[in-house]
Amino acid sequence: LAKTTQPISMDSYEGQEVNITCSHNNIATNDYITWYQQFPSQGPRFIIQGYKTKVTNEVASLFIPADRKSSTLSLPRVSLSDTAVYYCLVGDMGGRGSTLGRLYFGRGTQLTVWP
Amino acid sequence: GAVVSQHPSRVICKSGTSVKIECRSLDFQATTMFWYRQFPKQSLMLMATSNEGSKATYEQGVEKDKFLINHASLTLSTLTVTSAHPEDSSFYICSARDLAGGTEAFFGQGTRLTVV
Numbered sequence: 006l007a008k009t010t011q012p013i014s015m016d017s018y019e020g021q022e023v024n025i026t027c028s029h030n031n032i033a034t035n036d037y038i039t040w041y042q043q044f045p046s047q048g049p050r051f052i053i054q055g056y057k058t059k060v061t062n063e064v065a066s067l068f069i070p071a072d073r074k075s076s077t078l079s080l081p082r083v084s085l086s087d088t089a090v091y092y093c094l095v096g097d098m099g100g101r102g103s104t105l106g107r108l109y110f111g112r113g114t115q116l117t118v119w120p
Numbered sequence: 002g003a004v005v006s007q008h009p010s011r012v013i014c015k016s017g018t019s020v021k022i023e024c025r026s027l028d029f030q031a032t033t034m035f036w037y038r039q040f041p042k043q044s045l046m047l048m049a050t051s052n053e054g055s056k057a058t059y060e061q062g063v064e065k066d067k068f069l070i071n072h073a074s075l076t077l078s079t080l081t082v083t084s085a086h087p088e089d090s091s092f093y094i095c096s097a098r099d100l101a102g103g104t105e106a107f108f109g110q111g112t113r114l115t116v117v
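Protein sequences appear in the order of chains A and B.
Counting in the numbering used here, the first sequence runs from 6 upward without gaps.
Counting in the numbering used here, the second sequence runs from 2 upward without gaps.
Since the hints were derived computationally from the structure, they do not count as laboratory data.
Do not take every clue at face value.
Stated by the list, open to error - Stretch-level coverage of chain A by chain B, calculated; a stretch enters the list once three of its residues show a Cβ under 8 Å from a Cβ in chain B:
(1) 50 to 62
(2) 109 to 115
Unchecked claim - Derived, one-sided and incomplete: chain B residues facing chain A with beta-carbon distance under 8 Å:
(3) S44
(4) A106
(5) F108
(6) Q110
This structure is a prediction, so every number in the text was calculated from the model and none was measured.
Note that CB positions come from ideal geometry on N, CA and C, so glycine has one too.
Please put together the full structure from these sequences, using the hints given.
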């Protein structure tokens, strides 16, 4: 299973764009890249998922280069409520011998947004 | 997104007793659910994979006789912490994936277990 590496912490100010990069050098062909957000004493919340190139939804964008060995979560115009831990995970999408759903969390990135 | 509900959200028990935590997928069916444990200031650690109608698969180092998992239906998995001790105090989180609807996993709100 692919191991991920992220910065331990990041700081930003309200209204700024935040980019968190994750390295996953041994990502497998069937692996998707998924980002979760976690507030203290809550379960992780799904943010965005992608396989390659760029994915955008109402809360974030995910940039994945052609080699898929890294990915960048982009949060536009962060607010104080975006202060949380952000996890980057890779996991397969199914098929024979699938470990679908088994996600191994790294240390995550503590994002702190200041006023 | 799909909803996964855990109950209770918080429980305090005496050392030596057993505690059951429920994980339900409210609006989808999940043949597989997952249990995680999270200690303060640490990441989530996968404990086991709960398979409907069959035995759970435990991660290395997780005691299967201490953490009993039952997945009796397509919407319910339970984790029982047997003979709990203070070191079992932790935040337990379950997740499930709607195999009919996508590839993202949905997490419950977590259960804070305190063993006194």
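Hint check results:
1. 50 to 62: Our answer is that it holds, as 3 residues pass the Cβ test (under 8 Å) against chain B, meeting three.
2. 109 to 115: n = 5 at 8 Å, threshold three: holds.
3. S44: holds, 4 Å
4. A106: Holds. Min distance 5 Å.
5. F108: holds, 4 Å
6. Q110: Given a least distance of 5 Å, the restraint on Q110 of chain B holds.
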